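Here this note's numbering is used: the first residue of the sequence shown is 148, the next is one more, and so on.
Derived by calculation from the structure, the hints in this document are not laboratory data.
Check each hint, because a few of them may be wrong.
Label-pair distances were calculated between CB atoms; the ranges are [unchecked claim]:
| id | residue 1 | residue 2 | range |
| --- | --- | --- | --- |
| 1 | His352 | Arg315 | 21 to 27 Å |
| 2 | Lys292 | Pro375 | 21 to 27 Å |
| 3 | Lys153 | His182 | 34 to 40 Å |
| 4 | Phe308 | Met358 | 46 to 52 Å |
| 5 | Gln313 | Phe180 | 47 to 53 Å |
| 6 | Lys373 | Phe177 | 28 to 34 Å |
| 7 | Lys207 | Arg316 | 55 to 61 Å |
| 8 | Leu222 | Arg316 | 32 to 38 Å |
| 9 | Pro375 | Gln205 | 50 to 56 Å |
Note that the structure is predicted; figures quoted are calculated from it, not measured.
The beta carbon of each residue, even a glycine, is placed where N, CA and C say it ideally should be.
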Amino acid sequence: MFERWKKHYSFVDDVNIITKLLLGVALFIFIIFVHNFDYMIYITIIMFLFLMAFNGTQFKITGAFILATVLFALLSSLFMILYGDGTHMLFKWGIIQISTESIVRGLHLSLRTITVSMFGILLALTSEIVMIFYSLMQHLKVKPKIAYAFMAAIRMVPLIFTSLIQLRRSLKMRYQMIDASNYRGLKRLKHLLIPILSQNIRRAHQLSVAMESKGFKDGPRTYYYKAPFSYKDILFVICVVAILIIAFYLSQYFPITGITDARVSGYTS
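Let's have the full structure, built from the sequences with the hints guiding it.
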């Protein structure tokens, strides 16, 4: 999906998508049970470095995803920070009460979100949509009719945006010759939605007819693209496990905050 912004390729690009997805689920489950605040900080930092080293995409694209992730994570943590309980109260005004414990719990939640999101960004920037569905068909036995349908639907998304841009430009020229009362409010929205929907319904019908005529059935078939497992899958798993191990030892020997349990904001003595 992001091939046009690729600067270089790494071994992560060749890792099977099934390995990436399963490892992502395992990482998510593991992160849920991490309550050591310093450990979570180090995991986030090292995962960020891993993402920057192996995504191979232009920094403006990667940076935009990371910025959006960080903002979303911080906003989601505000509910826990502003309305949390704690013994060390820093600020209280009405229903808003901020304590040291609530800040730690909120930031800990943000770090979890950022870590998992950065792993997801790495998957998105190093995986081709075509190979995702080929891998699902070859290894998880997803029916070709379903996989190709999803593949075709995803491929049509850019066409929908292109049609929308062209239609807006056409309407902008047309509106210069008619009264403004004919395109105000909901009328303008109707002028966009109805043509876009009708045009893409027609495209979808033509695509379904073409797929049926070319024999996209659920029976046995051969594949032009192969999505095999390789030693790079093992190397990728080792790298992720190494991130967790290195972060653990760093949190033990080089603690940053000394908070051993974010649920109670306990400090080491």
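Here is what the structure says about each hint:
| no. | hint | verdict |
| --- | --- | --- |
| 1 | His352 / Arg315: 21 to 27 Å | holds (24 Å) |
| 2 | Lys292 / Pro375: 21 to 27 Å | holds (23 Å) |
| 3 | Lys153 / His182: 34 to 40 Å | holds (38 Å) |
| 4 | Phe308 / Met358: 46 to 52 Å | violated (22 Å) |
| 5 | Gln313 / Phe180: 47 to 53 Å | holds (51 Å) |
| 6 | Lys373 / Phe177: 28 to 34 Å | holds (31 Å) |
| 7 | Lys207 / Arg316: 55 to 61 Å | violated (26 Å) |
| 8 | Leu222 / Arg316: 32 to 38 Å | holds (35 Å) |
| 9 | Pro375 / Gln205: 50 to 56 Å | violated (29 Å) |
The structure shown violates the earlier hints numbered 4, 7 and 9.
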